[in-house]
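**Q** One-letter residues, chain by chain:
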Amino acid sequence: QKEVEQDPGPLSVPEGAIVSLNCTYSNSAFQYFMWYRQYSRKGPELLMYTYSSGNKEDGRFTAQVDKSSKYISLFIRDSQPSDSATYLCAMEKAAGNKLTFGGGTRVLVKP
Amino acid sequence: NAGVTQTPKFQVLKTGQSMTLQCAQDMNHNSMYWYRQDPGMGLRLIYYSASEGTTDKGEVPNGYNVSRLNKREFSLRLESAAPSQTSVYFCASSEELSGLSDGYTFGSGTRLTVV
Chain A
1 QKEVEQDPGP LSVPEGAIVS LNCTYSNSAF QYFMWYRQYS RKGPELLMYT
51 YSSGNKEDGR FTAQVDKSSK YISLFIRDSQ PSDSATYLCA MEKAAGNKLT
101 FGGGTRVLVK P
Chain B
1 NAGVTQTPKF QVLKTGQSMT LQCAQDMNHN SMYWYRQDPG MGLRLIYYSA
51 SEGTTDKGEV PNGYNVSRLN KREFSLRLES AAPSQTSVYF CASSEELSGL
101 SDGYTFGSGT RLTVV
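Those sequence lines, one after another, are chains A and B.
Under our numbering, think of the first position of the first sequence as 1, with each following residue one higher.
Under our numbering, think of the first position of the second sequence as 1, with each following residue one higher.
Only chain A is shown next, with the shape it has when bound in the complex (with noise of 0.2 Å):
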């Protein structure tokens, strides 16, 4: 079993509408939390990144922990066409170690 699942979709949406997106982990020592954004042909770049339970927003989108389900999630509100790519959640254990990487998720936003 992996440290950090993820569904891989595809997740399919229209324009406008909320994409939810999710990781699960087994390791109760992941404590800081990141989600990347990755275009076709493209690596992976920095979406978010949080440190403790609760939410954190920026612009149109909202991450959410929640350490007691080991459970994160990536909300995309007013989605659009460009927000189309696969998005991965990546995790880390205490500073100093490296971070471990869901499979991704892969978004199709529909116009």
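It is possible that part of the hints are untrue.
[Said to hold, decoys possible] In silico EDC-like links for lysine to aspartate or glutamate, alpha-carbon gap of 20 Å or less:
hint: 1; chain 1: A; residue 1: Lys93; chain 2: B; residue 2: Glu59
hint: 2; chain 1: A; residue 1: Lys2; chain 2: B; residue 2: Asp38
hint: 3; chain 1: A; residue 1: Lys56; chain 2: B; residue 2: Glu59
hint: 4; chain 1: A; residue 1: Lys93; chain 2: B; residue 2: Asp26
hint: 5; chain 1: A; residue 1: Lys93; chain 2: B; residue 2: Glu95
hint: 6; chain 1: B; residue 1: Lys71; chain 2: B; residue 2: Asp102
hint: 7; chain 1: A; residue 1: Lys2; chain 2: B; residue 2: Glu59
hint: 8; chain 1: A; residue 1: Lys42; chain 2: B; residue 2: Asp26
hint: 9; chain 1: B; residue 1: Lys57; chain 2: A; residue 2: Glu45
hint: 10; chain 1: A; residue 1: Lys93; chain 2: B; residue 2: Asp102
hint: 11; chain 1: A; residue 1: Lys93; chain 2: B; residue 2: Asp38
hint: 12; chain 1: A; residue 1: Lys42; chain 2: B; residue 2: Glu52
hint: 13; chain 1: A; residue 1: Lys42; chain 2: B; residue 2: Asp56
hint: 14; chain 1: B; residue 1: Lys57; chain 2: A; residue 2: Glu92
hint: 15; chain 1: B; residue 1: Lys71; chain 2: B; residue 2: Glu52
hint: 16; chain 1: B; residue 1: Lys9; chain 2: A; residue 2: Glu45
Quick caveat, the hints were computed from the structure, so don't treat them as lab data.
Here the structure of chain A is known, so what remains is to put chain B in place on it, guided by the hints.
**A** Chain B in isolation, oriented as in the chain A frame:
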């Protein structure tokens, strides 16, 4: 502002051939990484270098070697390519191993096909 530069972008090798993938970063980052990405497998860490002068194995190091040439450059070598090494290879760098300050910065990838 180049970030992480990988060369080549595409490569086709015959089984048994060798090649070196080059990676350079201009952000003065201490840590560098090599990943491979395959459908359904996500990003898998091959090797990493926490700082100049050090290298360590990741999740899937077999069949690969690395060299941290200096602080800027981190190369990945396939000594005898096999079809199982057909993949997209990404180099990444970060200020520190944790990536907490600004995350990992990735290059645009090398698409390698071994026939």
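**Q** It remains to establish, for every hint, whether it holds in the given structure.
**A** Going down the list of hints, with the structure as the test:
Taking the CA atoms of Lys93/A and Glu59/B, the gap is near 16 Å; set against the 20 Å cutoff, the hint holds. Restraint check for Lys2/A and Asp38/B: satisfied, since their Cα atoms lie roughly 15 Å apart, inside the 20 Å limit. As the CA atoms of Lys56/A and Glu59/B are separated by approximately 31 Å, the hinted pair breaks the 20 Å bound. Under the criterion of a C-alpha separation no larger than 20 Å, the hint pairing Lys93/A with Asp26/B is inconsistent with the structure, at around 28 Å.
About 17 Å separates the Cα atoms of Lys93/A and Glu95/B, which keeps this hinted pair within 20 Å; it holds. Distance restraint check for Lys71/B and Asp102/B: the Cα-Cα separation of roughly 18 Å lies within the 20 Å cut-off, and the hinted pair is therefore satisfied. Simply put, Lys2/A and Glu59/B have alpha-carbon atoms about 12 Å apart, close enough for the 20 Å limit, and the pair holds. For the suggested pair Lys42/A and Asp26/B, the alpha carbons sit about 19 Å apart, so the restraint of at most 20 Å is met.
Straight-line distance between C-alpha atoms of Lys57/B and Glu45/A comes to about 23 Å, which puts the hinted pair past the 20 Å bound. A C-alpha spacing of about 17 Å is found between Lys93/A and Asp102/B, which places the hinted pair at or below 20 Å, so the restraint holds. A distance of roughly 24 Å separates the Cα atoms of Lys93/A and Asp38/B; the hinted pair therefore is violated under the 20 Å criterion. Restraint check for Lys42/A and Glu52/B: the C-alpha separation of about 26 Å exceeds 20 Å, so the hint is violated.
At most 20 Å may separate the alpha-carbon atoms for a hinted pair to count; Lys42/A and Asp56/B exceed this at roughly 25 Å. For the proposed pair Lys57/B and Glu92/A, the alpha carbon gap of about 18 Å is at most 20 Å, so the pair holds. Restraint check for Lys71/B and Glu52/B: the C-alpha separation of about 5 Å stays at or below 20 Å, so the hint holds. Between Lys9/B and Glu45/A the CA atoms are separated by roughly 18 Å; this keeps the pair inside 20 Å, and the hint holds.
Comparing the model with each numbered hint stated earlier shows that hints 3, 4, 9, 11, 12 and 13 do not hold.
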